[in-house]
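Visitor: The primary structure of each chain is shown beneath.
2 protein chains.
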Amino acid sequence: MNQSTKADHPRATNRSRPHSLAIPHQEQQADRPPHSYERWLIGKLLHLAGSPPLCFRLWNGETINTDGVTAKYTLQLSDPKALYQLVGNPNLAFGDLYSSGRLEVEGSLPDLMAALYRAVQDARERWPRWLEALWRNHSPRSTSVSEARDNIHHHYDLGNDFYSLWLDKAEMQYTCAYYEEAGLSLEQAQLAKLEHVCRKLRLKPGQTVVEAGCGWGGLARYMAREHGVKVHAYNISKEQIEFARAEARRQNLDHLINYVEDDYRNISGQYDAFVSVGMLEHVGKDNFDELAQVIKRALKPEGMALLHSIGRNRPMLMNAWIEKRIFPGAYPPSIGEFMGICESGEFSVLDVENLRLHYARTLEDWMSRFQEHESEVVEMYGEEFNRAWRMYLAGSIAAFQAGALQLFQVVFTHGQNNNLLLNRKHLYTTPAAPEAV
Amino acid sequence: MNQSTKADHPRATNRSRPHSLAIPHQEQQADRPPHSYERWLIGKLLHLAGSPPLCFRLWNGETINTDGVTAKYTLQLSDPKALYQLVGNPNLAFGDLYSSGRLEVEGSLPDLMAALYRAVQDARERWPRWLEALWRNHSPRSTSVSEARDNIHHHYDLGNDFYSLWLDKAEMQYTCAYYEEAGLSLEQAQLAKLEHVCRKLRLKPGQTVVEAGCGWGGLARYMAREHGVKVHAYNISKEQIEFARAEARRQNLDHLINYVEDDYRNISGQYDAFVSVGMLEHVGKDNFDELAQVIKRALKPEGMALLHSIGRNRPMLMNAWIEKRIFPGAYPPSIGEFMGICESGEFSVLDVENLRLHYARTLEDWMSRFQEHESEVVEMYGEEFNRAWRMYLAGSIAAFQAGALQLFQVVFTHGQNNNLLLNRKHLYTTPAAPEAV
Numbered sequence: 158m159n160q161s162t163k164a165d166h167p168r169a170t171n172r173s174r175p176h177s178l179a180i181p182h183q184e185q186q187a188d189r190p191p192h193s194y195e196r197w198l199i200g201k202l203l204h205l206a207g208s209p210p211l212c213f214r215l216w217n218g219e220t221i222n223t224d225g226v227t228a229k230y231t232l233q234l235s236d237p238k239a240l241y242q243l244v245g246n247p248n249l250a251f252g253d254l255y256s257s258g259r260l261e262v263e264g265s266l267p268d269l270m271a272a273l274y275r276a277v278q279d280a281r282e283r284w285p286r287w288l289e290a291l292w293r294n295h296s297p298r299s300t301s302v303s304e305a306r307d308n309i310h311h312h313y314d315l316g317n318d319f320y321s322l323w324l325d326k327a328e329m330q331y332t333c334a335y336y337e338e339a340g341l342s343l344e345q346a347q348l349a350k351l352e353h354v355c356r357k358l359r360l361k362p363g364q365t366v367v368e369a370g371c372g373w374g375g376l377a378r379y380m381a382r383e384h385g386v387k388v389h390a391y392n393i394s395k396e397q398i399e400f401a402r403a404e405a406r407r408q409n410l411d412h413l414i415n416y417v418e419d420d421y422r423n424i425s426g427q428y429d430a431f432v433s434v435g436m437l438e439h440v441g442k443d444n445f446d447e448l449a450q451v452i453k454r455a456l457k458p459e460g461m462a463l464l465h466s467i468g469r470n471r472p473m474l475m476n477a478w479i480e481k482r483i484f485p486g487a488y489p490p491s492i493g494e495f496m497g498i499c500e501s502g503e504f505s506v507l508d509v510e511n512l513r514l515h516y517a518r519t520l521e522d523w524m525s526r527f528q529e530h531e532s533e534v535v536e537m538y539g540e541e542f543n544r545a546w547r548m549y550l551a552g553s554i555a556a557f558q559a560g561a562l563q564l565f566q567v568v569f570t571h572g573q574n575n576n577l578l579l580n581r582k583h584l585y586t587t588p589a590a591p592e593a594v
Numbered sequence: 158m159n160q161s162t163k164a165d166h167p168r169a170t171n172r173s174r175p176h177s178l179a180i181p182h183q184e185q186q187a188d189r190p191p192h193s194y195e196r197w198l199i200g201k202l203l204h205l206a207g208s209p210p211l212c213f214r215l216w217n218g219e220t221i222n223t224d225g226v227t228a229k230y231t232l233q234l235s236d237p238k239a240l241y242q243l244v245g246n247p248n249l250a251f252g253d254l255y256s257s258g259r260l261e262v263e264g265s266l267p268d269l270m271a272a273l274y275r276a277v278q279d280a281r282e283r284w285p286r287w288l289e290a291l292w293r294n295h296s297p298r299s300t301s302v303s304e305a306r307d308n309i310h311h312h313y314d315l316g317n318d319f320y321s322l323w324l325d326k327a328e329m330q331y332t333c334a335y336y337e338e339a340g341l342s343l344e345q346a347q348l349a350k351l352e353h354v355c356r357k358l359r360l361k362p363g364q365t366v367v368e369a370g371c372g373w374g375g376l377a378r379y380m381a382r383e384h385g386v387k388v389h390a391y392n393i394s395k396e397q398i399e400f401a402r403a404e405a406r407r408q409n410l411d412h413l414i415n416y417v418e419d420d421y422r423n424i425s426g427q428y429d430a431f432v433s434v435g436m437l438e439h440v441g442k443d444n445f446d447e448l449a450q451v452i453k454r455a456l457k458p459e460g461m462a463l464l465h466s467i468g469r470n471r472p473m474l475m476n477a478w479i480e481k482r483i484f485p486g487a488y489p490p491s492i493g494e495f496m497g498i499c500e501s502g503e504f505s506v507l508d509v510e511n512l513r514l515h516y517a518r519t520l521e522d523w524m525s526r527f528q529e530h531e532s533e534v535v536e537m538y539g540e541e542f543n544r545a546w547r548m549y550l551a552g553s554i555a556a557f558q559a560g561a562l563q564l565f566q567v568v569f570t571h572g573q574n575n576n577l578l579l580n581r582k583h584l585y586t587t588p589a590a591p592e593a594v
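So the sequence lines, in the order shown, correspond to chains A and B. Here our numbering is used: the first residue of the first sequence is 158, the next is one more, and so on. Here our numbering is used: the first residue of the second sequence is 158, the next is one more, and so on.
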């Protein structure tokens, strides 16, 4: 297997050894004045990015504004090379330069990122072809059975202790929460999400459920505990499965849950429900048809299926930096591609709900907790890792705020299943969130 | 314009002159015994149709069963030529033979049709290519601006008196009703549909709405009357527009509603909401992108859009007989094609609801009222027309029952609109249907 197909920062399972990103840190700050063509280049860059409300402060302290735009944010570049990296491939370099500290941001990082997303979304329509080609995000790496294991290991096996610093204390949910009412805590909203999913699946005690990509097993435990169903929950992340099993034993739920350390493609048996929350983003477009066949096989004639995934309004590659440094192999499907999965399995789509702004809110809650624990993160994995994750969380808030990413919950069933409800009232008769956690 | 691109039965706007379908009626019934290869052909036909639970009674009284299948329905063929027409192109001939009385059905027509749909759905996977080609439904005719007017005239200008025989008495809705609870009358369910649509659009008094394809204007009147909005409602059916205007005047709503006799492609202005209930089926795949651009232009930055349409689980051409005799130009989009419209307009899909079985129920209510008035229909348009419509209603019930057709309500907005609700509770706080009509 080619190393270059793997993510470029080492997996940080060894907590005692902080690591740094592959890009060398420029220790010496240049203090020469910028060349006139460098000033021109920055002006051009800002123009091509749709004139976002920001200015650049260069290595020598000089500030360059966009003509006629009031700057709400300042990007400070430590050295001339950072400028060239940014111009050459901003999608990738922005995150890398920020992570290594060669790019500093004054002002709210999520707000800056949202402003950038909005400006670029409009501006890219006017980009010439060659620029589109130069700056395009590359195709995500393979998500075949063997590669998928590496991809998932890269992100999800960072260490349960790391994630427990900033995820909810209720069920360690690393997916979009459901803030059905304003003012819910992260814990309430995550439990509301689990309940909302169970209601959409119309779970009844004694039923069987198969879950693809179960994370730390929180949904499986919730379904077993609150709805009395038997769950087979699949995951290829070893650390997560071990955590999930231990937690199920602790809660005396292990007779109801079978956590299987295996790929979703190896799911066997037939179930009353198929559920997958936050796995589809990692499945890869090439495997969508196979996923459809897996679900088709696994679902009883009257079974209900739910896929919960990050998505897009139109097909678009994942941001290069996220795909390279954070989520190897990730590809959020457009709503059309998502429906293509349902068409491929000859399913009937019953319900689609878009929870986009719920994910922005979830990420804000994660980010504020993450920031409370940054010193511990630096201790665990080093400063560059910490800054990379801060950028990842801020950029994700921005992407959901600006509409660059969506969150779709899609409910479907076999095309010939007539055991359907007349309305969706059952989702709303009582609050999905517990009163307090 | 080529006559052959128009539907093949004359428009029945002249009520005093009953008309017959183009296919000549075989007056004389053959009574010769079938040839052995004719018996073989029927066996083959039943096998290729997936061995549905029916038998054939031939022109001489001889009955032919499918091996090992108990027949619940009998198809009686009046003459040998009917058999050859059926074998040559069953999609088209079944409806035509039934309409002209050369094919009679014993047993419930909708149930027979549903059994046929189910059997054929499975069986066609095993058809050889040449058969698929022989029996395939042709592409729907053009739905360009000028052709669309003919297509719509063909069906919707049959005469308001004809439709008022069997549509609801509340608002003359010729689209899927919303039976939010079992036991609702057609009138309640149609009003519930209108209210459900208004709630999904989050209408507020004083807002402006544009409606594409307004039928007899019922939704526009409901929105104006019950939600205090101003409506521009487009339709290219002259008879419907005249009815709509008269009814709005009668209800003193004409200051709030502008019924425009024009194509949806000519919509101008910007509105708080865009709505279209039951028009997309007639738009045609070639015009989906243009429809998306029309909506994009017509919708204010925080505007809400709703498309309500018959659809499919997978792309498939309309049944040849329906497209030729009943709905010229009709093409129900698959859910993926439907989402393609939203992608094309860079919209964000917020909510999809599938009301498939509601349409089966709506059609059952229509059919039972239609059958109460068959003698009047025969009086108006003749026996063949009456039988064709009976077949159309029965076949449509069957298609929705068997999952060959879906009914999607899709809510969407501009990709950058962040004025979104946290949940869909507002659709369910009170019943959408009135207590009594």
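Any given hint might turn out to be false.
Same chains, same names: a pair is fine if it fits in one copy or spans any two.
To be verified - Simulated crosslink set (DSS-like; lysine-lysine; CA at most 30 angstroms straight-line): (1) Lys361 <-> Lys442; (2) Lys201 <-> Lys229; (3) Lys238 <-> Lys457; (4) Lys238 <-> Lys582; (5) Lys326 <-> Lys457; (6) Lys453 <-> Lys238; (7) Lys201 <-> Lys387; (8) Lys457 <-> Lys361; (9) Lys326 <-> Lys238; (10) Lys453 <-> Lys395; (11) Lys361 <-> Lys387; (12) Lys457 <-> Lys229; (13) Lys453 <-> Lys442; (14) Lys442 <-> Lys326; (15) Lys582 <-> Lys361; (16) Lys229 <-> Lys326; (17) Lys238 <-> Lys442; (18) Lys326 <-> Lys453; (19) Lys395 <-> Lys582; (20) Lys442 <-> Lys201; (21) Lys361 <-> Lys201; (22) Lys326 <-> Lys201.
Hints listed in this document are in silico derivations from the structure and should not be mistaken for laboratory results.
Visitor: Hint by hint, which ones does this structure get wrong, listed from lowest number up?
Guide: 1, 3, 4, 5, 6, 7, 9, 14, 16, 17, 18, 19, 20, 21, 22
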